[in-house]
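**Student:** Each chain, letter by letter, is given below.
Number of protein chains: 2
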Amino acid sequence: MSVEIGRLPAATVLVCVTCKSAEGQVGAALYEALGARLADKAVALRPVECLSVCKRPCTVALAAPGKWTYVVGDLSREAHVEDIVTAARRYAAAPDGLVPWRERPLPFRRGVVSRTPPLVPALSE
Amino acid sequence: MSVEIGRLPAATVLVCVTCKSAEGQVGAALYEALGARLADKAVALRPVECLSVCKRPCTVALAAPGKWTYVVGDLSREAHVEDIVTAARRYAAAPDGLVPWRERPLPFRRGVVSRTPPLVPALSE
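Top line first, the protein sequences correspond to chains R and P. Under our numbering, think of the first position of the first sequence as 393, with each following residue one higher. Under our numbering, think of the first position of the second sequence as 393, with each following residue one higher.
In isolation and in its complexed conformation, chain R is listed as follows (with noise of 0.2 Å):
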């Protein structure tokens, strides 16, 4: 199994578009409004078809080559859109993805849902 990875951003949010709630389209609904947020280089913005998270709308991840992968359950479009754009940038400049536990916005401490290593740490530039 072979990849080759050229330059990809320093942080990608992958956000649930199927996930649902009784509020209907939730997901969806949260990555458009991200849309709005997020138009910088350092971070790209990408829907996913299920995140397998569906107990805990809205799902999205923080993934990078070379990075840790994070999963973060519990989100809304009405409350954590800015602290979904401070976690996203506070990731890109993470070398390795670990973020501080004190610079993680309360979302992204209470709502993880799982994480995992890169399988090639990220080189240094």
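Because the hints were derived from the structure by calculation, they are not lab data. Beta carbons are placed, not taken as given, at the ideal position from N, Cα and C, and that holds for glycine. Careful, some of the hints might be misleading.
Unchecked claim - Calculated Cβ distances over 10 Å to all of chain R for the following chain P residues:
{"#": "1", "residue": "Thr410"}
{"#": "2", "residue": "Ser413"}
{"#": "3", "residue": "Gln417"}
{"#": "4", "residue": "Ala420"}
{"#": "5", "residue": "Gly427"}
{"#": "6", "residue": "Ala428"}
{"#": "7", "residue": "Glu470"}
{"#": "8", "residue": "Glu474"}
{"#": "9", "residue": "Asp475"}
{"#": "10", "residue": "Val477"}
{"#": "11", "residue": "Thr478"}
{"#": "12", "residue": "Arg482"}
{"#": "13", "residue": "Pro492"}
{"#": "14", "residue": "Glu495"}
{"#": "15", "residue": "Pro497"}
Claimed, not checked - Okay, derived cross-link-like pairs now, BS3-like style, lysine-lysine, Cα gap no bigger than 27 Å in a straight line:
{"#": "16", "chain 1": "R", "residue 1": "Lys447", "chain 2": "R", "residue 2": "Lys412"}
{"#": "17", "chain 1": "P", "residue 1": "Lys447", "chain 2": "R", "residue 2": "Lys447"}
{"#": "18", "chain 1": "R", "residue 1": "Lys412", "chain 2": "P", "residue 2": "Lys447"}
{"#": "19", "chain 1": "P", "residue 1": "Lys412", "chain 2": "P", "residue 2": "Lys447"}
{"#": "20", "chain 1": "R", "residue 1": "Lys447", "chain 2": "P", "residue 2": "Lys412"}
Said to hold, decoys possible - Quick list of the computed label-pair ranges, beta carbon to beta carbon:
{"#": "21", "chain 1": "R", "residue 1": "Asp432", "chain 2": "P", "residue 2": "Glu415", "range": "44 to 52 Å"}
{"#": "22", "chain 1": "R", "residue 1": "Pro487", "chain 2": "P", "residue 2": "Lys412", "range": "23 to 31 Å"}
{"#": "23", "chain 1": "P", "residue 1": "Asp488", "chain 2": "R", "residue 2": "Lys412", "range": "23 to 31 Å"}
{"#": "24", "chain 1": "R", "residue 1": "Pro513", "chain 2": "P", "residue 2": "Gly427", "range": "21 to 29 Å"}
{"#": "25", "chain 1": "P", "residue 1": "Arg501", "chain 2": "R", "residue 2": "Gly416", "range": "23 to 31 Å"}
{"#": "26", "chain 1": "P", "residue 1": "Asp488", "chain 2": "R", "residue 2": "Val512", "range": "16 to 24 Å"}
{"#": "27", "chain 1": "R", "residue 1": "Arg501", "chain 2": "P", "residue 2": "Arg501", "range": "25 to 33 Å"}
{"#": "28", "chain 1": "R", "residue 1": "Lys433", "chain 2": "P", "residue 2": "Glu415", "range": "46 to 54 Å"}
{"#": "29", "chain 1": "R", "residue 1": "Arg429", "chain 2": "P", "residue 2": "Val512", "range": "20 to 28 Å"}
We have chain R; now place chain P onto it with these hints.
**Tutor:** Positioned in the frame of chain R, the structure of chain P alone reads:
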């Protein structure tokens, strides 16, 4: 951000070795048991300090370059070593990491904590 990924196994089983239960260090015990069963070029085994799924020990992840990453909890050394080996081999054989539902061992249907897509799909070889 750039990462060069060379040849990595078609599946890496990441085992949370900090998982604990009332029975003690169950994650480390599962890791040891898997080490005795997985001696396979296609499947690598790697310990991880915390996958952040502390309420559902033991937890493992299946990952490979260009594939979806799956995090699965509620696994034990006593009941699930063969299921993990089977799941890892089927994951290794799946180009995108998406194993058809019916081919997944039961604990890998019921225990899914999250899944995240590859940032870059695998290249065909």
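**Student:** Next step is simple, just say for each hint if it's right about the structure.
**Tutor:** Now for the hints, and whether the structure bears them out:
no. : hint                             : verdict
1   : Thr410                           : holds (12 Å)
2   : Ser413                           : holds (18 Å)
3   : Gln417                           : holds (20 Å)
4   : Ala420                           : holds (17 Å)
5   : Gly427                           : holds (18 Å)
6   : Ala428                           : holds (23 Å)
7   : Glu470                           : holds (23 Å)
8   : Glu474                           : holds (23 Å)
9   : Asp475                           : holds (18 Å)
10  : Val477                           : holds (19 Å)
11  : Thr478                           : holds (19 Å)
12  : Arg482                           : holds (15 Å)
13  : Pro492                           : holds (15 Å)
14  : Glu495                           : holds (17 Å)
15  : Pro497                           : holds (16 Å)
16  : R:Lys447 to R:Lys412             : holds (9 Å)
17  : P:Lys447 to R:Lys447             : holds (15 Å)
18  : R:Lys412 to P:Lys447             : holds (24 Å)
19  : P:Lys412 to P:Lys447             : holds (9 Å)
20  : R:Lys447 to P:Lys412             : holds (24 Å)
21  : R:Asp432 to P:Glu415: 44 to 52 Å : holds (46 Å)
22  : R:Pro487 to P:Lys412: 23 to 31 Å : holds (30 Å)
23  : P:Asp488 to R:Lys412: 23 to 31 Å : holds (25 Å)
24  : R:Pro513 to P:Gly427: 21 to 29 Å : holds (23 Å)
25  : P:Arg501 to R:Gly416: 23 to 31 Å : holds (27 Å)
26  : P:Asp488 to R:Val512: 16 to 24 Å : holds (19 Å)
27  : R:Arg501 to P:Arg501: 25 to 33 Å : holds (30 Å)
28  : R:Lys433 to P:Glu415: 46 to 54 Å : holds (49 Å)
29  : R:Arg429 to P:Val512: 20 to 28 Å : holds (25 Å)
Hint violations for this structure: none, all hints satisfied.
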